[in-house]
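These protein sequences, in sequence, are chains A and B. So the first sequence is numbered by our numbering: it starts at 1 and just counts up by one. So the second sequence is numbered by our numbering: it starts at 303 and just counts up by one.
These aren't lab readings, by the way, just hints derived from the structure by calculation. Zero decoy hints are in this set.
Quick list of simulated restraints, FRET-style, between CB atoms:
{"hint": "1", "chain 1": "B", "residue 1": "Pro528", "chain 2": "A", "residue 2": "Pro251", "range": "24 to 32 Å"}
{"hint": "2", "chain 1": "A", "residue 1": "Pro251", "chain 2": "B", "residue 2": "Tyr525", "range": "22 to 30 Å"}
{"hint": "3", "chain 1": "A", "residue 1": "Gly100", "chain 2": "B", "residue 2": "Gly455", "range": "26 to 34 Å"}
{"hint": "4", "chain 1": "B", "residue 1": "Asn641", "chain 2": "A", "residue 2": "Glu60", "range": "44 to 52 Å"}
{"hint": "5", "chain 1": "A", "residue 1": "Lys54", "chain 2": "B", "residue 2": "Ala531", "range": "36 to 44 Å"}
{"hint": "6", "chain 1": "A", "residue 1": "Arg231", "chain 2": "B", "residue 2": "Gln386", "range": "25 to 33 Å"}
{"hint": "7", "chain 1": "B", "residue 1": "Ala531", "chain 2": "A", "residue 2": "Arg231", "range": "38 to 46 Å"}
{"hint": "8", "chain 1": "B", "residue 1": "Asp416", "chain 2": "A", "residue 2": "Pro251", "range": "17 to 25 Å"}
{"hint": "9", "chain 1": "A", "residue 1": "Gly51", "chain 2": "B", "residue 2": "Ser328", "range": "53 to 61 Å"}
{"hint": "10", "chain 1": "A", "residue 1": "Pro251", "chain 2": "B", "residue 2": "Leu536", "range": "17 to 25 Å"}
{"hint": "11", "chain 1": "B", "residue 1": "Arg526", "chain 2": "A", "residue 2": "Glu60", "range": "35 to 43 Å"}
{"hint": "12", "chain 1": "A", "residue 1": "Pro251", "chain 2": "B", "residue 2": "Ala532", "range": "22 to 30 Å"}
For glycine and all other residues, C-beta sits at the position ideal for the given N, C-alpha and C.
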Amino acid sequence: MSILIGKSTRVLVQGITGKEGGYHAQQCMRYSQEFAGGGGAVVAGVTPGKGGAKLEGAIEKVPVFNTVAQAVAGTGANASLVFVPPAFAADAILESVDAGVPIVVCITEGIPVRDMVYVKRHLEGASAVLIGPNCPGVITPGGCKMGIMPGHIHKEGSIGVISKSGTLTYEVVAQLTAQGLGQTTCVGIGGDPIIGTMYIDLIRRFQADPATEAIIMIGEIGGAAEQDAARWAQKNVTKPMVGFIAGQTAPKGRRMGHAGAIISGGEGTAAEKMRVMTECGIHVTQSPAEMGLTMARALGRA
Amino acid sequence: MNIHEYQGKELFRKYGVAVPRGGVASAPEEAERVAKELGGAVVVKAQIHAGGRGKGGGVKLAKTPAEARQAASQIIGMTLVTHQTGPQGRLVKKVWVEEASQIERELYLGIVLDRAAGRPTLMASTAGGMDIEEVAAKTPEKLLKVAVDPALGIWPSTARRVAYGLGLSGELAGEGVKFVTNLYRFYSEMDCSLVEINPLVQTLDGRILALDAKVNFDDNALYRHPDVAALRDLDEEEPLEVEASRHHLNYIKLDGSVGCMVNGAGLAMATMDIIKLAGASPANFLDVGGGASREMVESAFRILMSDKAVRAVLINIFGGILRCDVLAQGVVDAVKTVNVNVPIVIRMEGTNVEKGREILKTSGLDFTVADGMGDAAAKVVAALSR
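Please model the complete structure; the sequences and the hints are all you need to start from.
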């Protein structure tokens, strides 16, 4: 078991004829072939105006459509991976949501915040789940890779991973794998001020997933999502949780790479987040080198 | 992106958001001329991207044009130190000269994004002129928050809640509704990430005016507003950060001695954290991004090394899209061309890590290779004390 995606996921890639979309669609396809026995494969591509285009390499047999609705009708795709440039990415997400695609993962970095405000509003009452934007994507090891993460560092197992960051997610996954702790599903939720899915919804899914034994959440300075999640988890989660917040040394008022990572006033500091998480019973580590070790300890395996 | 108060006020005026009459001046004579045109008493305000200008001596009242000239001559060219500039302060190049307002009440009005709700939120308070974070913390009942449904935009009923919340009545309430509505339109249409007016004033002659204008724009949306992008004042930014942004690198200068170069913002912050935990301080935040090329790595290294406070370098790369061999080649090339006389610790993991290590080893250059983040931090701190 896992959350969001797995072997039965049929991925469509929006922006598949672009350089990045094409490259990563191939990588996802290779992961499906090497690690998932052909499950969780890329089944369709969408680029408006390029319907019928021929692709190359691992995705040479993948058909390209002009619209998401056509791709869904033609291939039974049930998840969309978005690699569309920032100016058009919000529109691409809306297209998938309106075509009834249940899982939409948006990798694109640099989408205007106002566009995402409209997307978020449109998602209210819709059944689709949006992960991202500005995220590495989602992977269920041995099941399905929908994103830009290096697949080989992951291992099938029982830890649920939720993180705001890209490479820091790889770091925590590598540390878990080195401890012999595999993962059910790893979700990069994205570092933007407005993202489709925040921690709580994912923690709820991991809590309900029988294969997930423990949950690790990696946060960043800025906003109050980690605190909200910790308070919610205290009441609703019975599985062990580990946490880390990046940006303990970040100066106030500066944007630390991610548009969301900015401390304003006293709110959103790493110290504040870590304090609330600890109070809520989460095993918090101050050292980013000990995220995997802290999980092993929390499970009594170190 | 930030802009100056005078630029914010000029944009406000275009959107029908009331501001005092005024003009910008970069020389004392110009300030005198503006004051003469305005007639009566004026306020001369230093234009830098930082708050707390009044306390630092950057805001002066002048009763006559001659006094305005004198005030401007004191302010222009001064290095203004406020709680937001840091101890080194900021050189003042321009002043904004505006008519002095007869203030009856000082209010506060701001628009920010409520991230959790995903909605722009109007914030209003009758406690104007004060630090709004303090008002929110100590007297939250004095801070009115009204979320706007982005699908609906602002309607008169929403604006009325804010206007009456600010204690405006009669004709002034109508003025307030107009003010709030126009400000929201400005915030939304111009892709602002923050608009803050502190203080917003009610004048003795019955007007509502923005006495200050703090405006931040969403960098991601600047492509839609070339006129706004043109307002960027590079003098207000750290030169190394400007240079970095030219190479599509994300660099923020800090005051420690360990320079770091990392791929990914989260990992970059975590690397700063572990340097601190190991007992040293990071000299910078530097994210070379997911898909950095060899040239970008080289530029990043150059920028890193031009900070004279750097006494050791820690490179931490988790290869995903950015492959370790590309990184290694970039570093080797950079070290050969840039004059490097500090120890370099490199930690690499992920895609093509063996190839990367091989390139470092055969380069004949003196790198310390680390295994894992903890080891890397310990090694760079040890290198510092050598």
